[in-house]
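Participant: Residues per chain are reported as follows:
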Amino acid sequence: MASTLEDLKEAQREAEEAAARGQTSGDREITYRDALREAIVEEMERDENVFLIGEDIGAYGGSYVVTRGFQEQYGRKRVIDAPIAELGIVGAAVGAAMGGLRPVVELMTINFSLLAIDQIVNHAAKIHYMFGGQFSAPVVIRTASGWGQLGATHSQTFEGWFAHVPGLRVVMPSTPKDAKGFLKSAIRGSDPVLFIEHSLIYRNRGVIPEGDYTLPLEGAEVRRDGTDVTIASWSRGAILSMGAAEELAEQGINCEVIDMRVLRPLDIATVAESVKKTNRLVVVEESWRTMGLGAEIAAAVQEEAFDFLDAPIGRVGSLEVPMPYARNLERLIIPGKDEVIAAVKQTLA
Amino acid sequence: MASTLEDLKEAQREAEEAAARGQTSGDREITYRDALREAIVEEMERDENVFLIGEDIGAYGGSYVVTRGFQEQYGRKRVIDAPIAELGIVGAAVGAAMGGLRPVVELMTINFSLLAIDQIVNHAAKIHYMFGGQFSAPVVIRTASGWGQLGATHSQTFEGWFAHVPGLRVVMPSTPKDAKGFLKSAIRGSDPVLFIEHSLIYRNRGVIPEGDYTLPLEGAEVRRDGTDVTIASWSRGAILSMGAAEELAEQGINCEVIDMRVLRPLDIATVAESVKKTNRLVVVEESWRTMGLGAEIAAAVQEEAFDFLDAPIGRVGSLEVPMPYARNLERLIIPGKDEVIAAVKQTLA
Amino acid sequence: MAKAEPAVRLLDTLEQDELLELYRQMCLIRRFEERSAEQYAYGKIGGFLHLYIGEEAVAVGAIHALGPNDHLVTHYRDHGYALAIGADAGAVMAELFGKETGTTKGRGGSMHLTHIERQFWGGYAIVAGHIPIATGLGLALQYQEQDAVAMCIFGDGSTNAGAFHEALNMAAVWKVPVIFLCENNLYAMGTAWEYVSAVQQMSTKARAYDIPAEIVDGQDVLAMYEAARRAVEHCKSGKGPYFIEAMTYRFRGHSMADPETYRDKEEVEARRGDDPLILFRDQLLEHNKAEQAQLDEIDQAVEDEIERAIQFADESSFPDPSTIHDHVYGE
Amino acid sequence: MAKAEPAVRLLDTLEQDELLELYRQMCLIRRFEERSAEQYAYGKIGGFLHLYIGEEAVAVGAIHALGPNDHLVTHYRDHGYALAIGADAGAVMAELFGKETGTTKGRGGSMHLTHIERQFWGGYAIVAGHIPIATGLGLALQYQEQDAVAMCIFGDGSTNAGAFHEALNMAAVWKVPVIFLCENNLYAMGTAWEYVSAVQQMSTKARAYDIPAEIVDGQDVLAMYEAARRAVEHCKSGKGPYFIEAMTYRFRGHSMADPETYRDKEEVEARRGDDPLILFRDQLLEHNKAEQAQLDEIDQAVEDEIERAIQFADESSFPDPSTIHDHVYGE
Ligand SMILES: Cc1ncc(C[n+]2csc(CCOP(=O)(O)OP(=O)(O)O)c2C)c(N)n1
Ligand SMILES: Cc1ncc(C[n+]2csc(CCOP(=O)(O)OP(=O)(O)O)c2C)c(N)n1
Ligand SMILES: [Mg+2]
Ligand SMILES: [Mg+2]
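Residue numbers (numbering that gives the first Met the number 0), protein chains in the order written: chain W, 0 to 348; chain Y, 0 to 348; chain H, 0 to 330; chain P, 0 to 330.
Warning: the hint list may mix true and false statements.
Simulated restraints on C-beta separations [as the list claims (entries may be wrong)]:
no.: 1; chain 1: P; residue 1: Ser321; chain 2: Y; residue 2: Arg204; range: 34 to 42 Å
no.: 2; chain 1: W; residue 1: Asn327; chain 2: Y; residue 2: Pro264; range: 23 to 31 Å
no.: 3; chain 1: P; residue 1: Glu330; chain 2: W; residue 2: Asp309; range: 52 to 60 Å
no.: 4; chain 1: H; residue 1: Asn68; chain 2: Y; residue 2: Tyr212; range: 35 to 43 Å
no.: 5; chain 1: P; residue 1: Thr322; chain 2: Y; residue 2: Pro264; range: 52 to 60 Å
no.: 6; chain 1: H; residue 1: Phe317; chain 2: W; residue 2: Asp26; range: 58 to 66 Å
no.: 7; chain 1: Y; residue 1: Gln250; chain 2: P; residue 2: Pro258; range: 40 to 48 Å
no.: 8; chain 1: W; residue 1: Leu331; chain 2: P; residue 2: Gly329; range: 43 to 51 Å
no.: 9; chain 1: H; residue 1: Pro320; chain 2: W; residue 2: Gln345; range: 35 to 43 Å
Which chain Y residues stay away from chain P? Per the calculated CB distances, all over 12 Å, these [unchecked claim]:
no.: 10; residue: Val49
no.: 11; residue: Ala58
no.: 12; residue: Arg67
no.: 13; residue: Gly150
no.: 14; residue: Lys183
no.: 15; residue: Pro208
One-sided and incomplete, this derived list gives chain H residues near chain P with beta-carbon spacing under 8 Å [unchecked claim]:
no.: 16; residue: Tyr194
no.: 17; residue: Tyr208
no.: 18; residue: Gly237
Hints were generated in silico from the structure; no laboratory data involved.
Yeah, the Cβ is synthetic: ideal placement off N, Cα and C, and Gly gets one too.
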């Protein structure tokens, strides 16, 4: 579960004291969830106009407990429990942004973004261009991908769809550091941002820089240097890929792992560069394979690094089935370490 | 403009008489719009449970005049003018299908499908699987892609998104023959089908078989045999590609043109076969290039025919900009014959 | 909430076995939910588990008014609906366990129960998503001139969603036979109605579509049955849709993950006084419609039935992995 | 429709120049629309063109009640709103021509006009899509404690869309200062209201959210102005949103492509009798608020203004192709 606001403040105080004692606190380790909480709190403290809106983010604390305690802290004016009306919520946030506020929307899960997709795609993403750049709707939409016996309608992840849309920025961080840095940039930025979390990594811990920092909303990052095969992924998939890479290393296969981090704009150059070294690529994602984001990465990389490819680019994704509830079937749908390892080996076969 | 129901009946009578005179009437040429009208009329005549629902399909005749005259002919019970409520319309059609009817929905344009996408993706496409195959929601959703100074929110085409969804069938015919045969199969089938037309090809004429025929909802088709480069496209893009191929032929470049026709399930085998002969591929579409369906085709073909590719697979798509209204800018966004020709030549460079 | 008088008249007109059957169903749901919470704790049930405890009278009373040709679609808090309409407790528990013998062969789980013999087309997990579907079912009944109705059950929170309004408007324009039954348990997950709805009574929203509506005490199974009978009559007479707002209360958390930080123990304790099961039990005894012994017997029979259901679920096997691609498309 | 008495009181309290300004604005819109239809025929305007002819009094009367700090968002039939709130006719015509000098630099076209000096955040083409945006603008005004309102104009057809209901409910719960102005012209594109709305008066739908509503004669510019003033007062006093249903009629087709097969000539002819421009002109003369000559002068001045607007649009250049990627993202 999430720490309370007090725990959060405590952690910050400790870090500050540590810093004061001149002791490097660069090794402050916090959870993905707390990284998000810090980003939100810091931005709300920085800018009066930042406010939160979403279903059950107040008294309930958010379905993934990211906003717990914030309503007591900031009141109902700045932490709004919204009706179950995703289209209306995002539309109202778009209007509030046009009116000068800095809305941070929480859509409980990305599955429900389908109900708001007209406001995201036909309004938020188009307003700046459609009106000749005279104004814009810089709304930040936080939502979560994920699964866990939740059934067909609650286990999807549509990041590839949103990556298709000009005017929108899409980020899907896998580490606490990126989560905090990206969220703060998104809230300060001038574009609508879809910020996709993952329900299965909120408790992951990671080191983050001290104090107030932001990260530009662009660029993939090489998480592991390697020479034999490049693995490109993002969010939980990047973590899964790191695990697979470790295991492959023991077998003498040396993988370079790239965390895409930002899905629009997509940093193909970094992947192509890596492929020019490894000559092999596997893309790992949790979406259905057909028309998942892996398709774009594969298509773009073969354009950029065609002459360097020694094997077909492999794609690892979900089986093309609506997610079944039964535990044993669900396990077969979502790719695991073994599927990644198999795909890597196939590019070497 | 569309012919009236009378014209339609007239044309059919003529054809029947011709057939009676023993004269082959295989060369009966009709428009894409009339092919759709014939399919709808024939299926409504065949099955009492087939009914139409959509905005302005009655007295107004449909915004692309496909259903003109049908309400006078079949009454308000079977031709329902729906409120502007895309989500509700598709939801009601899903329920009606579960209740034993055969709804044929018209969503005025594919842009508005965003408002109904939750019903399409989370309901229509999942119900059969989610309930263990015990029942299904065989709803047919007709909609139109297209553009023409309609602005940013009315000029999109999301076929690639829908091709991502298990449980859904997606067709996007380019000829009157396919349009009629696919629509009849869709109405008789047991799965939800997204049937995507194109506002700029309704007047195109083409030869169709006589009488009652259906076409299975699968399989690409080679429209033009060639040896140098394969061009894969669909809908209006396939027609554009044929034109480019003719022009390239004059320059001594012999293209094979494949009309994908059905976008889910996607027939990669036919494209891969062709590439094994031509060793080069260009995919042509009207969507934004990033995460357009061309990405999937490129990614899948390099998997299937990696060793046969002599050049990077080229992708021709729209510029990544919300569609501007200004005529001169719009022309630059949507790919034309020249862009296709340039892309083909690049694969030969 | 204005508490209506228990429908005493019905108490006298119904046959005893019918009254006992209503009691048995409420009892069955109550025990089923208690035991499934326990099975969840044992890790045999995964994902979400939304318990119906405290709201039993709504499903039992309303569904009792449905005939064999009527249809039902509901939201995800659906164990009670499945049991009330006659699904086998073993099949329902097996579904919660994700077994092949479940009502959807383990594919749907707790939120997507179904019982097609009685046209219960399932529970749906996208809030309000099934409401337009109900309108469509009603359209099919009208189109085929069937003497039947479609009942749609949803929560107070879903009346704030656009899908609800698009569905009610279409149902009213087309005058289709649909009973819209809103379970107003005052909360949508962790949010009290007053923060998200402009009006206190969700039935007020039916006025926007000229749909006749009534507010009913959802803790009184006979009042629910009476209201539902009125609704069925109205719909079958071709007068179009009907709206029932059942005032009720969820005794347990929204799902097993609920921290219940949004309402205080006192409130919950107070509302537990309106336990539909106890209210009806006392009513039956008070009006001499049943002997203590008869009711105890039912309680015991239900206990045994649930025990067998759990055993059945336990002994059933998980879906065969080789069938994972089945049912994505029809034949 | 119950025709309200022309707001004669206002006729006597308003200064003459204000009355003449209202006349001028209606006249400007009428001529602008007539000439743009002509320019469309010449092929200088592409895509959709939705004319406002017959509904001028709604925009002119309502927008006249807005102050410099108020906000406006509307649907796509927006030439009248842009002109009424003060956008330059030349810039509007240039936008229709797709020129760089247009109100959105030729990017938006006819359906997406804007005038940011007066916080007219534009016309929107997804039916009802801008209604939640209006609620959000109202939220921003309330949040920043500004003494201003947001006005949202939409058609009768959009009240059947879920977005409309989600937006009204939120506005009412939050009590934000938003004026929801429904132009009920009896048709949504080619469909008459009775086939798609369960109720005849769209203002009935505001009841579902306890939002005060009134029905106004949309052909009477002074009645519209009065109603809008009441609405502004209500919203600014912190009482929350207000709903106005303006009964009006579209004299021309929905767009230039409209076959008008859904209503008969007689009906249209009859309704042309309620020409807001003529009604007001007669009213002014009848009550000696203006001389024939003054009005003729205005007519002439408007003719000239539109002529200059067309010339300006003609002479303006198309956007520079090299700027095609500008404005996709902010800086
Ligand atoms: C479209 C959508 N948004 C959000 C959710 C998450 N969610 C599940 S149940 C629920 C609350 C529903 O409340 P109500 O309709 O009152 O039903 P209750 O649970 O009280 O019976 C929410 C917000 C969802 N499943 N679907
Ligand atoms: C979501 C959506 N569905 C359909 C359309 C197509 N469409 C454009 S205008 C219109 C009719 C709107 O009618 P109404 O709201 O009454 O406004 P009016 O044109 O009468 O002023 C329709 C159906 C659209 N633009 N957006
Ligand atoms: Mg509730
Ligand atoms: Mg209208």
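Participant: It remains to establish, for every hint, whether it holds in the given structure.
Facilitator: To see whether the hints hold, each was checked on the structure:
{"no.": "1", "hint": "Ser321(P) to Arg204(Y): 34 to 42 Å", "in the structure": "39 Å, holds"}
{"no.": "2", "hint": "Asn327(W) to Pro264(Y): 23 to 31 Å", "in the structure": "26 Å, holds"}
{"no.": "3", "hint": "Glu330(P) to Asp309(W): 52 to 60 Å", "in the structure": "42 Å, violated"}
{"no.": "4", "hint": "Asn68(H) to Tyr212(Y): 35 to 43 Å", "in the structure": "38 Å, holds"}
{"no.": "5", "hint": "Thr322(P) to Pro264(Y): 52 to 60 Å", "in the structure": "42 Å, violated"}
{"no.": "6", "hint": "Phe317(H) to Asp26(W): 58 to 66 Å", "in the structure": "44 Å, violated"}
{"no.": "7", "hint": "Gln250(Y) to Pro258(P): 40 to 48 Å", "in the structure": "44 Å, holds"}
{"no.": "8", "hint": "Leu331(W) to Gly329(P): 43 to 51 Å", "in the structure": "44 Å, holds"}
{"no.": "9", "hint": "Pro320(H) to Gln345(W): 35 to 43 Å", "in the structure": "22 Å, violated"}
{"no.": "10", "hint": "Val49", "in the structure": "20 Å, holds"}
{"no.": "11", "hint": "Ala58", "in the structure": "4 Å, violated"}
{"no.": "12", "hint": "Arg67", "in the structure": "8 Å, violated"}
{"no.": "13", "hint": "Gly150", "in the structure": "5 Å, violated"}
{"no.": "14", "hint": "Lys183", "in the structure": "27 Å, holds"}
{"no.": "15", "hint": "Pro208", "in the structure": "31 Å, holds"}
{"no.": "16", "hint": "Tyr194", "in the structure": "7 Å, holds"}
{"no.": "17", "hint": "Tyr208", "in the structure": "4 Å, holds"}
{"no.": "18", "hint": "Gly237", "in the structure": "16 Å, violated"}
Of the numbered hints stated above, those contradicted by the structure are hints 3, 5, 6, 9, 11, 12, 13 and 18, listed in ascending order.
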